[in-house]
Each structure stands twice: as C-alpha cells, then as structure tokens.
Amino acid sequence: LVTVRCSKLCVYFLTRAIAQASWKYWVRWMVNFAGWTVGGVVVNSGLKYTEALIELEMRLRLTKHAHGKYMVRNNFYSAAAMRRTDGLDNPDQRIVADIAQLSHKFAHLYGHSFTPVLNFLLSLGEASKDLG
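In my numbering, each residue carries its 1-based index in the sequence shown increased by 8.
Incorrect hints may have been included.
[As the list claims (entries may be wrong)] Mimicking DSSO-like on lysine-lysine, the simulated pairs with C-alpha atoms at most 27 Å apart in a straight line are:
1. Lys113 with Lys56
2. Lys16 with Lys77
3. Lys32 with Lys16
4. Lys113 with Lys77
5. Lys137 with Lys16
6. Lys113 with Lys72
7. Lys72 with Lys56
No wet-lab data here; the hints were simulated from the structure.
Build out the structure end to end from the sequences listed, making use of the hints.
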C-alpha cells in the first residue's frame, strides 16, 4: 500500500513539475518523496523488528521443548554414554545451535516471502483498477 500510494503521488507531482516547469510542484515532489521515504524506513524497520520477535519466540519455545525431551527419562545420560562410544560431542550445544539456525531461517523466510506477496497483490489490485 505504501509503495502504490508513493508511486502515484510521486508520478503526479513529478509529471506536473516537468510539464509545467513549476518549482512549486518540484518542491512538493521532493517533500512528498522525502516523507514517503521516511515512512518506508519506518515500515521496513517494523518488519525487521517483527522478524526478530518471531525468531526469538520460536527459538525460545523450541529450546524449551527440545531440552524438555532431552532431559526426560535420563536421555542426557544416554547421550553422554554415546559421546564416549560413538563420538557424539556436546549434544546440548548442538541442539541449541541447530534451533538458533532453524529459527533464523524460518523468520527470514517469513519476512522475505510475506512482503513480496503483499506487494504483488496490492499492485495487482491497483492494476485491475487502472485497467478496468
């Protein structure tokens, strides 16, 4: 919605500024562009913040779940015994590292697939309005 509205206003003011050779429209275009740029920065920062919250919440819940499974029925001791025989070293650190990577990838996937799909749908809606 931000990009569609920004594009419409910027095109309007810029074409008026060029067609009429008007400084008034040129200044309006510059102020409008700067305002929408600041708005875009705020929206993108909000998306990054949301992505970080998703990553943190997912990592917290998965870590609690995995460590709950790891500690039940003495699985910790079984893993410690496997460390000596099969060479499995630091299983608790591996669990945490794998969960951190999975959480980061999932949040990245969410953040980088939701925005393009939303932009596409909004642009498609605007194009259908323009084309009739």
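Now for the hints, and whether the structure bears them out:
1. About 14 Å separates the Cα atoms of Lys113 and Lys56, which keeps this hinted pair within 27 Å; it holds.
2. In summary, the hint linking Lys16 to Lys77 is not supported, as the alpha carbons are separated by about 54 Å, beyond the 27 Å threshold.
3. Distance check on the hinted pair: Lys32 and Lys16 sit about 18 Å apart at the alpha-carbon level, within 27 Å; holds.
4. With a C-alpha separation of about 23 Å, the suggested pair Lys113 and Lys77 falls inside the 27 Å cut-off, and the hint holds.
5. Taking the CA atoms of Lys137 and Lys16, the gap is about 13 Å. The hint holds against a cut of 27 Å.
6. Between Lys113 and Lys72 the CA atoms are separated by roughly 19 Å; this keeps the pair inside 27 Å, and the hint holds.
7. For the proposed pair Lys72 and Lys56, the alpha carbon gap of about 24 Å is at most 27 Å, so the pair holds.
Hint 2 from the list above is the single one not met by this structure.
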